[in-house]
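Engineer: Counting with this note's numbering, you get residues 94 to 424 for the letters of the sequence shown.
The hints are simulated quantities; they were obtained by calculation from the structure and are not laboratory data.
All of these numbers come straight from a predicted model, not from anything done at the bench.
Any given hint might turn out to be false.
PhoX-like, lysine-lysine: derived pairs with alpha carbons at most 20 Å apart [claimed, not checked]:
1. K95 <-> K124
2. K124 <-> K265
3. K376 <-> K395
Taking CB as the label site, the calculated pair distances span [unchecked claim]:
4. R217 <-> E347: 33 to 43 Å
5. Q134 <-> R312: 19 to 29 Å
6. Y245 <-> E125: 27 to 37 Å
7. F166 <-> H215: 42 to 52 Å
8. D153 <-> P221: 21 to 31 Å
9. D175 <-> A305: 42 to 52 Å
The beta-carbon is built from N, C-alpha and C at its ideal position, and this holds for glycine as well.
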Amino acid sequence: MKQGTGMLLGKFLPPHLGHQYLVDFARNYVKELTVMVATIQAEPIPGDLRYRWMREMFPDVNVVHCADENPQFPHEHPDFWDIWLASIRRFVSSGPDYVFASEDYGYRLAEVLGARYVPVDHARELAPISGEALRADPMTNWKYIPPCVRPYYALRVCLFGPESAGKSTMAKNLAAHYDTAYVSEYARGMLNLQNDECYPEDIPRIARGQAASEEAMARMANRILFCDTDLITTTIWSEALFDNCPPRIREEAEKRQYDLYLLLDMDTPFVKDPQRYLPHKRKWFHERCLHELESRDRPFVKISGSWDERFEKAIHAVDRLLASGGRVHTG
Numbered sequence: 094m095k096q097g098t099g100m101l102l103g104k105f106l107p108p109h110l111g112h113q114y115l116v117d118f119a120r121n122y123v124k125e126l127t128v129m130v131a132t133i134q135a136e137p138i139p140g141d142l143r144y145r146w147m148r149e150m151f152p153d154v155n156v157v158h159c160a161d162e163n164p165q166f167p168h169e170h171p172d173f174w175d176i177w178l179a180s181i182r183r184f185v186s187s188g189p190d191y192v193f194a195s196e197d198y199g200y201r202l203a204e205v206l207g208a209r210y211v212p213v214d215h216a217r218e219l220a221p222i223s224g225e226a227l228r229a230d231p232m233t234n235w236k237y238i239p240p241c242v243r244p245y246y247a248l249r250v251c252l253f254g255p256e257s258a259g260k261s262t263m264a265k266n267l268a269a270h271y272d273t274a275y276v277s278e279y280a281r282g283m284l285n286l287q288n289d290e291c292y293p294e295d296i297p298r299i300a301r302g303q304a305a306s307e308e309a310m311a312r313m314a315n316r317i318l319f320c321d322t323d324l325i326t327t328t329i330w331s332e333a334l335f336d337n338c339p340p341r342i343r344e345e346a347e348k349r350q351y352d353l354y355l356l357l358d359m360d361t362p363f364v365k366d367p368q369r370y371l372p373h374k375r376k377w378f379h380e381r382c383l384h385e386l387e388s389r390d391r392p393f394v395k396i397s398g399s400w401d402e403r404f405e406k407a408i409h410a411v412d413r414l415l416a417s418g419g420r421v422h423t424g
């Protein structure tokens, strides 16, 4: 059934399941398909990022990136179609046989290229979503976001605080409550394999592993991702155990952002564990955590009380975050 060549053009701002259907339709219609990701600098999501998303989503398709600062609508320039034709010809030198689109501009684009237009779900009945609607409310439209795009929109909540404060249990329980994913503490699994001993050369490995695990699990998140720890915690531990921290880990800790920190208090019994190295410094650790959050103006909520009270306070804070769709800073 497949025959000829085809192309489609879009901003993919961001890619969503409507785009997934459009490209899948087109690549099942023709033998060779070119998808042009057309971006300009003024748009809210970087063009190169959208291009990488589309390449990952469609590895068997010729995905190209056009970053020409072209007019976006015909009324903006009298030579609108000639300008776009020149840009397209840099990537598609001849043809194509077919042009695919879900909007009316597809008719004119096909005419300019000397191709036949193939309309694809103009009514948006099969995938009722648009980039504008998704950007306006990604939480409500989460089911239309492809896995590779989810880390960009997923709200991230970090469990923060001293040893034996219930961070790991809280992360698991919150993930279960919100039917989503959580990131465990990478260091624990790694140190289990070396008799629970931690050495200075382990700190970079722990940091890289934690960051890699978080990015992997973000693709599995359902609107929100709970993180048992973060790289600021890694810097504190590095200083506490070895009196220093590699500069590159500090730099990465500054770059990584979370929508909310849950700062767990130390008002719980200490439970011994081979990887809990500083039972006598819990108060110091908690105060250091508070200082690190306040000095960076990171959004956080203090969590204290019984286990049940902690969980209720955490749910209240997360519900507020989800309702706002962004950052909450209550201290």
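Engineer: Give a verdict on every hint.
Structural biologist: We went through each hint and held it up to the structure:
1. K95 <-> K124: Roughly 5 Å separates the two Cα atoms, so the pair holds.
2. K124 <-> K265: 47 Å, violated
3. K376 <-> K395: 15 Å, holds
4. R217 <-> E347: 33 to 43 Å: Since the Cβ atoms of R217 and E347 sit about 42 Å apart, the hinted range of 33 to 43 Å holds.
5. Q134 <-> R312: 19 to 29 Å: Since Q134 and R312 have Cβ atoms about 27 Å apart, the given range 19 to 29 Å holds.
6. Y245 <-> E125: 27 to 37 Å: 30 Å, holds
7. F166 <-> H215: 42 to 52 Å: 19 Å, violated
8. D153 <-> P221: 21 to 31 Å: Since the Cβ atoms of D153 and P221 sit about 27 Å apart, the hinted range of 21 to 31 Å holds.
9. D175 <-> A305: 42 to 52 Å: 47 Å, holds
Of the numbered hints listed earlier, those contradicted by the structure are 2, 7.
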